[in-house]
Amino acid sequence: MPISKTTIVCIAIGIVLIILSFVGIFRPIGDAARWLFLPVVRTVSQTTQEAVGWLHGASRTSEQDRIAQLEERVRLFTTDQVACASLERENGMLRAQAHFLEESGYDSVGARVISREIGSIRARVTIDRGARDGIETGQAVVADGGLYVGKILTVRERIAVVELFTDPEARTAAAPLAKPRLLGVIEGRGNGAALLTYIPSSEELSEDQIVVTAGTEEKVSGHLPVGIVNVVNGKPTDPFYTAALEPLADLERMPYVSVLRPTALAPEQP
Amino acid sequence: MVLGWIRVALIALLIGCFEVAVRPFVPWLVFFYPLLPVLVLTLLGSRFSRAVVLGTIGGLFLDLFFLDQLDYAVLRFPVVVCILAYVSGKWLTNRSLYTALALTIFGRVIERIFAWCIALIIRGTGEGVWHGIAPVFSFDLLTVTVGFIILAVWTSRFLTAIPRAAIRESSWYES
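Chains W and B are the protein sequences, given in the same order. The numbering of the first sequence is our numbering, which starts it at 1 and goes up by one. The numbering of the second sequence is our numbering, which starts it at 1 and goes up by one.
What the hints contain is simulated information worked out from the structure, not anything from laboratory work. By construction, the Cβ of each residue, glycine as well, lies at the ideal position given by its N, Cα and C atoms. Check the hints yourself; a few may be wrong.
[Said to hold, decoys possible] Selected chain B positions facing chain W (in silico; Cβ < 10 Å): (1) I6; (2) R7; (3) V20; (4) V22; (5) P27; (6) G132.
[What the hints assert, rightly or not] To spell it out: a stretch of chain W is covered by chain B in this simulated footprint if at least three of its residues, at any positions, have a beta carbon under 8 Å from a beta carbon of chain B; those stretches are: (7) 12-18; (8) 45-57; (9) 235-245.
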């Protein structure tokens with residue numbers, strides 16, 4: 001069947017547009033369009049999340065309320081425990097290290113979650129902060145008062161995509177709370193699950209142990225609580241163990257997050 | 001006439017906003033993607049050009065806020081509309097509910113095949129493109145059915161026109 005000239009022209013235009021978009025020619029147009037529609041998307045997503053949260057709360061029984069309260073208390077105590085353990089280590093080390101931490105500190109910028117894609121094959125959220133707020137790829141993202149949830153994956157002028165650590169493509173260096181050394185790698189498994197892998201068989205790991213970020217990645221600071229060990233898998237003859245990890249943060253209900261950016265990247269104050 | 005185009009653009013923006021900011025946060029709507037069913041209804045109930053514009057604007061909105069997907073919805077949906085228009089004109093010449101349902105199923109399959117090809121080229125794997133396709137189909141068919149019935153009841157777009165001469169000559173009429 002002969003292809004008409006119009007069809008060929010349309011296909012050629014489509015290919016050219018795709019190539020130009022790869023090069024980034026249309027990025028300023030996209031940024032301008034996002035600037036225009038971001039307030040609407042932000043308002044609609046906030047309203048939707050509040051409505052779903054209200055419906056969820058209205059349908060909860062008193063036992064479920066009690067469970068939710070206890071889970072929230074566990075998160076707060078975990079954050080306090082990690083902070084205390086980190087402070088104890090800092091006091092035990094030289095004062096010069098404290099000066100080093102102060103010099104290369106982090107500050108946080110709050111962001112609202114405006115969209116998300118959470119399921120078995122993907123775990124990512126879109127936030128309403130971007131490059132103009134000092135956001136860069138690889139920066140750590142926390143929620144619920146300091147619980148690690150993921151890293152910045154893609155950045156545009158006014159929005160960014162956060163890859164949650166439960167995303168099947170996400171990898172996070174982890175350490176146990178008590179010992180400041182690399183323990184293994186957290187690999188996302190989708191559906192809110194994660195697996196701690198490459199745990200040396202010499203390492204003693206038990207259930208309910210808290211796992212934190214190792215701090216070995218360039219833009220991810222250490223001692224950020226990640227999750228609690230559920231089940232440790234492995235035989236005594238295996239060189240490495242794996243452990244199922246339960247996230248501490250509630251990744252399903254996360255209307256606000258904070259991005260940890262180095263203070264050097266913070267926009268200048270007017 | 002201008003109002004018609006503005007209406008198309010607003011509908012496309014509303015649908016895009018729904019798919020970006022509402023659908024991901026409501027558990028029972030996670031598999032509800034209304035853009036394609038609305039495109040089919042526009043193609044059958046209005047003009048081809050308006051369906052293309054609706055698909056382009058809706059797809060553009062999705063590409064603006066789904067940064068990591070890189071599946072060029074702004075090109076994918078207009079191409080799907082062109083294919084559906086060709087199929088509709090060539091084989092499914094009547095404008096009935098069954099035509100709408102058939103076009104919807106075919107359109108969703110074509111749209112997923114496009115997304116799968118783009119995922120293979122860009123990410124090297126098409127894994128996950130067909131995830132949840134059954135509930136997606138269910139929502140598509142339900143949306144098209146409800147939309148078709150509403151359009152048929154409130155407008156005269158799907159009424160069959162019978163010539164007066166044929167009515168007069170009909171023996172049923174005379175009897």
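To see whether the hints hold, each was checked on the structure:
no.	hint	result
1	I6	violated, 16 Å
2	R7	violated, 18 Å
3	V20	holds, 5 Å
4	V22	holds, 5 Å
5	P27	holds, 8 Å
6	G132	holds, 8 Å
7	12-18	holds (count 3)
8	45-57	holds (count 4)
9	235-245	violated (count 0)
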